[in-house]
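Colleague: For reference, the chains in residue letters:
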Amino acid sequence: MPAAVPARHTAPAAGDGEPPAVRLPGPFEHFYLQEYPGVVKLAYALSGSRTGAEDIAQEAFLRAYRDWERVGSYEHQAAWVRRVAANLATSGLRRRLVEVRALARLAARREPALDPLPADNADFWRAVRALPHRQAQAVALYYLGDLSIQQTASVLECAEGTVRAHLTRARRTLARRLQLEVGEEP
Amino acid sequence: VNVDARARASAQAIDRSATRLDAVAGLDDLLRRRRRQPLQRAAAAGLALLLMAVAIWAGVALRGPTPVQPTLGPVTPLRVGPGPVSVAVTPGAAWVLNSGDSTIARVDPGTGRVQASLPFRRELIFATVADGRLWVVHAPVGAFALNDEKPGQVEISVIDPSSNRTVARFGTGSWFHNALGLERDLAVGSGAVWVAVQGADEVTRFDAVTGKVLDRISLPKPTAVAVDGQTLWVATADGRLHSIDIGTGAARVRATTDLVTRIRVGQGGVWLMTFDGKVLRLDRRTGRIVAQVPGTFQAADLAVGVEGVWVYDQHQGAVLRIDPGTNRVVRTIPVISQPLVEQHSYVLALGAGAVWVVDKAGEAVVRVAPNR
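Heads up: the protein sequence lines correspond to chains A and S, in order. Quick note, our numbering runs 1212 ahead of the 1-based positions in the first sequence. Quick note, our numbering runs 1165 ahead of the 1-based positions in the second sequence.
A couple of the hints might just be wrong.
Facing chain A, a subset of chain S residues (Cβ under 10 Å, in silico) [said to hold, decoys possible]:
| # | residue |
| --- | --- |
| 1 | Val1168 |
| 2 | Asp1169 |
| 3 | Gln1177 |
| 4 | Ala1190 |
| 5 | Arg1496 |
| 6 | Pro1499 |
With a cut-off of at most 20 Å between alpha-carbon atoms, the simulated DMTMM-like pairs for lysine to aspartate or glutamate come out as follows [claimed, not checked]:
| # | chain 1 | residue 1 | chain 2 | residue 2 |
| --- | --- | --- | --- | --- |
| 7 | S | Lys1443 | S | Asp1403 |
| 8 | S | Lys1377 | A | Glu1369 |
| 9 | S | Lys1386 | S | Asp1366 |
| 10 | S | Lys1377 | A | Glu1372 |
| 11 | S | Lys1377 | S | Asp1403 |
| 12 | S | Lys1525 | S | Asp1266 |
For the record, the hints were derived by calculation from the structure and aren't laboratory data. Every value quoted in this text rests on a predicted model; they were computed, and no experiment measured them. Virtual Cβ for every residue (Gly too), placed ideally from N, Cα, C.
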């Protein structure tokens, strides 16, 4: 069931002075408004950057928009944009570029919309980001996006068995690093 | 506390941290970004050009041109093991499959010296490079004996060049004897390995990490396969060239031609080598054959890369360079004095600024540096 689409907001952000000049096509706008929060959270978990997460999400949606004729025809558009955001967020160089852009914008404008995490939770995501990229992406998608193994495999474009293997290895590593019990496989 | 509980609690913490997130304001940002991006890209490209010009000037003005220290001649046969059958090149290494002692020689492409010899104890069939790794197709020793009633399992091993270690290995079914050149072909892309198995009348899709079979596409006697972005090209023995959308699995017959035994993508086109040694060019958008490279050569292998489009001509024992602008042979470099008639093997590879050819009769791999 798609989420309700909020009313279109057209006023420019305070201090920006650059009103949007072109409206986006209806289906893309709907897709964006529905998926944006989830993609920002995913980017936050995988990049660890409050300022950069929104930028990563924007970049992912911009790529979807540029190729909307193709992406819009996909059955799993949400999976596509999450995959792009997850790759952007785990690629060191691209993440740093995004971070620099976000900081520049932040200096001119506003506070990040994301709050800092409590220490325990911040430690957990820091440990996730230290995992191999594919394991980190699998953990973030599975727990944060509350996706099933099948849906996670769809986003990562791999087999369900591969996702299970990534999650199992990730849990073992996280348990060791954070001194937790591995626990049962969910 | 276990990992699962901590993970769920930490996911909820991120949810709570995002209460002020405003998707609608984000949409406005997106609109602005979309408008600014062409300008930013142009500025970045200009800056990159400026930096490049400064770097070139600094290199030439301060140090002079970098002296080239030739260690190998323009055409150099390298004897790196008995019975070489296939060659492939990763960044920094050429890999030669030696059937005589079932080893894989890792060769320094600059000096031609063997850096490592990896024992395999299997019948080595061919190797190719994808995703920066070496993919080796092999079978049990004796699997090719014509009277073998129990053909062995053909397997693929994936070797990481940074460690020389096998990082994955998986079976692809039995080997079938046939008269159409190599019985099997493989291509890698989109996280999967695609193996065309003529004897089974199918293209099998494996997970590139686990080796698990993900899909089987029934096609009559697939003879060659290649990945081109989101498109999988498959040639079948009936002369049809199929394009398969990797995302949806939708298949189309794009062209009908002679029997194709090699498909290569690059230099602006899809290049086909036919069973009788012709080279054709296909328009990847329309799926039409747009050119046949003229000449009397008989191609035994075809390679396309940053070094260009190259063919190994088994009649002359020469490598031929094809100009993708004119679709004509523009250079012929003789490399092998007594060429064997090939069975469309993987004997030609590009990499490290050179063209590499296996000389089976001469028991060598020949390194050709076309720019020298």
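Colleague: Of the numbered hints stated earlier in the document, which are not met by this structure?
Modeller: Violated: hints 5, 6, 11.
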